[in-house]
Amino acid sequence: MRKWFCLLLAMMILAAAIPLAGCSESESEEPYKIGALFAVTGGNAPLGEPEKQLVEMMEEEINANGGINGHPVDVIVYNYESDAAKCATFAEKLINEDKVVAIIGPTGTGDSLAIVDLAMNSQIPLISCAAGISIVTPTETNDKHWVFTTPQVSVMVVQRLYEHLLTKNITKIALLTDTLGFGKDGKTNLNGQKAAYGITVTADQTYGPNDVDMLTQLTLIKNSSPQAVVCWGTSPGPAIVARNMATLGMTNIPLYCSHGIAFQSFITAAGSSGNGVIFPCGKLPIVDYLPDSDPQKALLTKYRDDFNARYGNGTANTFGGHAYDSLNMVVTALKNAVDDTPEKINSSDDTLQAVRAKIRDYVENSINSSGFPETGGFPGTAGVFNMSETDHNGLPKSCLVMVKIVDGKWTPAE
Amino acid sequence: MTTEVFVQSLVSGLTQGCIYALIGLGFTIIFSVTGIINFAQGEFVMLGGMLSFFLAKSAGLSVFPALIISILIAMLIGAVLYLLAIRTARRASVVSLIIITIGAAIFIRGIAGELWGADTVAPPFFTGNGSLSVLGASIHVQALWIIGTTLAVSIVLHLLFSYTVIGKALKASAMNRTAAGLVGVNTKSMSLIAFTVAAALGALGGVVIAPLSLTSYNVGAMLGLKGFVAASIGGFRSHAVTILGGITLGVVEQVTVALNWGPFKSNYKEAIALVVLLLVLLIRSRRLFEEERAS
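Those protein sequences? They're chains A and B, same order as listed.
Okay, so the first sequence: first residue is 1 according to the numbering used here, each after it adds one.
Okay, so the second sequence: first residue is 1001 according to the numbering used here, each after it adds one.
The reader is advised that the hints may include incorrect statements.
[Unchecked claim] List time: in silico DSS-like cross-link candidates among lysine-lysine, alpha-carbon distance up to 30 Å:
no., chain 1, residue 1, chain 2, residue 2
1, A, K172, B, K1265
2, A, K172, A, K222
3, A, K33, A, K184
4, A, K404, A, K168
5, A, K194, A, K172
6, A, K99, A, K335
7, A, K404, B, K1057
8, A, K404, A, K86
9, A, K302, A, K409
10, A, K409, A, K168
11, A, K409, B, K1057
12, A, K222, B, K1265
13, A, K33, A, K144
14, B, K1265, A, K184
15, B, K1057, A, K194
[As the list claims (entries may be wrong)] Going by beta-carbon spacing under 8 Å, a handful of chain A positions derived as facing chain B:
no., residue
16, A195
17, D213
18, A239
[Stated by the list, open to error] Okay, the calculated bits of chain B under chain A, using three or more residues with CB under 8 Å as the criterion:
no., stretch
19, 1113–1120
20, 1129–1143
Please keep in mind that the hints were generated in silico from the structure rather than gathered at the bench.
The structure displayed is predicted, hence computed values, not measured ones.
Backbone N, C-alpha and C fix where the C-beta goes; we use that ideal spot for every residue, glycine too.
Chain A on its own, in the form it takes in the complex (with noise of 0.2 Å):
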């Protein structure tokens, strides 16, 4: 009696649980997949998890709001913890196993560095969003061909950082960066562009990831009585050093620091020795102050808004902006340049391999402003793009603005 009680009760269970494992696809309708790789743990945490939490949202907005062309869309995101090695793992998954027609990402330039090569080989577009150059240069073993990448990169941004100090009549300042790949490549950077510009380093100073304080570092650089102080690095370092300044009294000396400032962590962690503090950005934390005729202006306040009304008051911030971009170019290259359906490209590696590089022309040749004639380009987050054969991240060091910390709100810097 117990015996035939259980069976039936197992067979119901499973007749229930049939249905609804197939209600989890909406209405057996194959999706267009898309492949993210981001380092939402580890080192690049603060960059990577935003960069998720955008692609979750899109996705979600895409799909509420009938697909691509009619199709879901399915962005499959593997988190590689800031290892590239772990990296080029879930990219040859992506690749080969869940067979998407475009990978964004990865979160970091090395991460970035060590897939490009796959990218290469398998005729896939990758949509970076790091920031390092050498991403989209071409080398002797790798034309980059199927390799973009949507932020500024870090060698504008020390352009552009330059260009404004000139503008101040700065041209001696000290250097304080981290050690970690970010400072490190920005203190490549810098000593690598201060000839063109005609700036002279008067200190040279680097600091670790944990150091409780930089008043070393700084009395030497006071010492050496620079114009002003340029610090490159990310968490919690650029604080500390903002803090550090106000107790050595150093308040006639500028503090200039990176991008990688841009958080609302930054300004409660320096607290107000973060005021004055002066970095090139793109135009997100200063959207309220362009005029309505910036082609960015609807999309950052729209990216910004969103954001922020489902991860909380000021979360929205530069990175996932980054995502932002990639993933569009993806989409929109899916709109205007796809019509085969995803049950082919899901059922046919040939037509899956004519997708990819349908993907890819479509983002060499028309995010532009031969695409986007009206705005001159392909407005995104980061800036106005205009990819070409020869230049793979499309955007003018004009995208950058310099954004000044006053009274705990970032504003446009004179």
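Got chain A sorted already, so can you dock chain B onto it with the hints?
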């Protein structure tokens, strides 16, 4: 190198070194009593800072109640770590137990990241944002708290280990587990106490440095490493040498920055400090080797 820079490097080095010392003490206490190197020690420091921030922010607690409660929570986590992960695996080899602590560290870090996100946070200073001027160098009031706490901890530990029964029992377990067991010391309890005390020390260190160094969910690994160096200098046995070692490490790093000459620059401060560690370990193992040969 001007006097101003030199004095600043001593002051900053002392502050930084006290942090390494506090973390190193945690390693030393656990190792001496249980023979395990607890690689989750850095995470207790992280927990101290993060808990004090979020308790102050969400429960509106003022600095000192938040400090006490953070330490208590960390002690609880330390005890749970010991009971669930270490004691249940007590028949495993020491190496396996060490790897378990690495797993625990990853676990704690992961939960912290999920709970609190990846952002850096700045807990409030204990007594405000002032600094003193000492011979042309600046020392923050919070740095005085760090140095004072380290001093207080050293004295309390010394009194505990020398003049209380529990302290003596801990010391006995550290010297020889079997013999201690034979004279009636409950060595299992001693291990639990060691983990709990180390967690408390780590958390205390974390709470007192976080206002100055800022904190986030993944500071544990690097801090743990520096504390490990301090504990190595003390041979994982002597509290006094661990504290001295930590302070020396901090001072050597900062003086390297201040010298600003040749290889002694801010770039290489960590490398120079680790070279010091290698030398210390080489000299120590040589001496041990000679002792063995003599006997």
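To see whether the hints hold, each was checked on the structure:
1. A distance of roughly 21 Å separates the Cα atoms of K172 of chain A and K1265 of chain B; the hinted pair therefore holds under the 30 Å criterion.
2. At most 30 Å may separate the alpha-carbon atoms for a hinted pair to count; K172 of chain A and K222 of chain A meet this at roughly 12 Å.
3. Of the pairs offered as hints, the one joining K33 of chain A and K184 of chain A is violated, with about 36 Å between alpha carbons and a cut-off of 30 Å exceeded.
4. A C-alpha spacing of about 14 Å is found between K404 of chain A and K168 of chain A, which places the hinted pair at or below 30 Å, so the restraint holds.
5. Among the hinted pairs, K194 of chain A with K172 of chain A is consistent with the structure: their alpha-carbon atoms are about 10 Å apart, no more than 30 Å.
6. Proximity of K99 of chain A to K335 of chain A is assessed by CA-CA distance (about 19 Å); at most 30 Å being required, the pair is judged to hold.
7. Pair hint K404 of chain A plus K1057 of chain B holds up; C-alpha atoms about 27 Å apart against a cutoff of 30 Å.
8. Distance restraint check for K404 of chain A and K86 of chain A: the Cα-Cα separation of roughly 38 Å exceeds the 30 Å cut-off, and the hinted pair is therefore not satisfied.
9. The suggested pairing of K302 of chain A with K409 of chain A holds, with an alpha-carbon distance near 19 Å, which does not exceed 30 Å.
10. Distance check on the hinted pair: K409 of chain A and K168 of chain A sit about 22 Å apart at the alpha-carbon level, within 30 Å; holds.
11. A hinted pair counts as satisfied when its Cα atoms are at most 30 Å apart, and K409 of chain A with K1057 of chain B qualifies at roughly 21 Å.
12. Restraint check for K222 of chain A and K1265 of chain B: satisfied, since their Cα atoms lie roughly 16 Å apart, inside the 30 Å limit.
13. About 23 Å separates the Cα atoms of K33 of chain A and K144 of chain A, which keeps this hinted pair within 30 Å; it holds.
14. Distance restraint check for K1265 of chain B and K184 of chain A: the Cα-Cα separation of roughly 15 Å lies within the 30 Å cut-off, and the hinted pair is therefore satisfied.
15. For the suggested pair K1057 of chain B and K194 of chain A, the alpha carbons sit about 44 Å apart, so the restraint of at most 30 Å is broken.
16. Interface hint status for A195 of chain A: violated, as the beta-carbon distance to the closest one in chain B is roughly 21 Å, over 8 Å.
17. For D213 of chain A, the shortest C-beta to C-beta distance to chain B is roughly 5 Å, which falls under 8 Å, so the interface hint holds.
18. Given the 8 Å rule on beta carbons, the hint for A239 of chain A holds: about 6 Å separates it from the nearest Cβ of chain B.
19. Counting residues of the stretch 1113–1120 of chain B whose CB falls under 8 Å from any CB of chain A gives 5; the rule of at least 3 is met.
20. Check on the stretch 1129–1143 of chain B: 6 of its residues sit with their Cβ under 8 Å from a Cβ of chain A, so the three-residue criterion for coverage holds.
The structure shown violates the earlier hints numbered 3, 8, 15 and 16.
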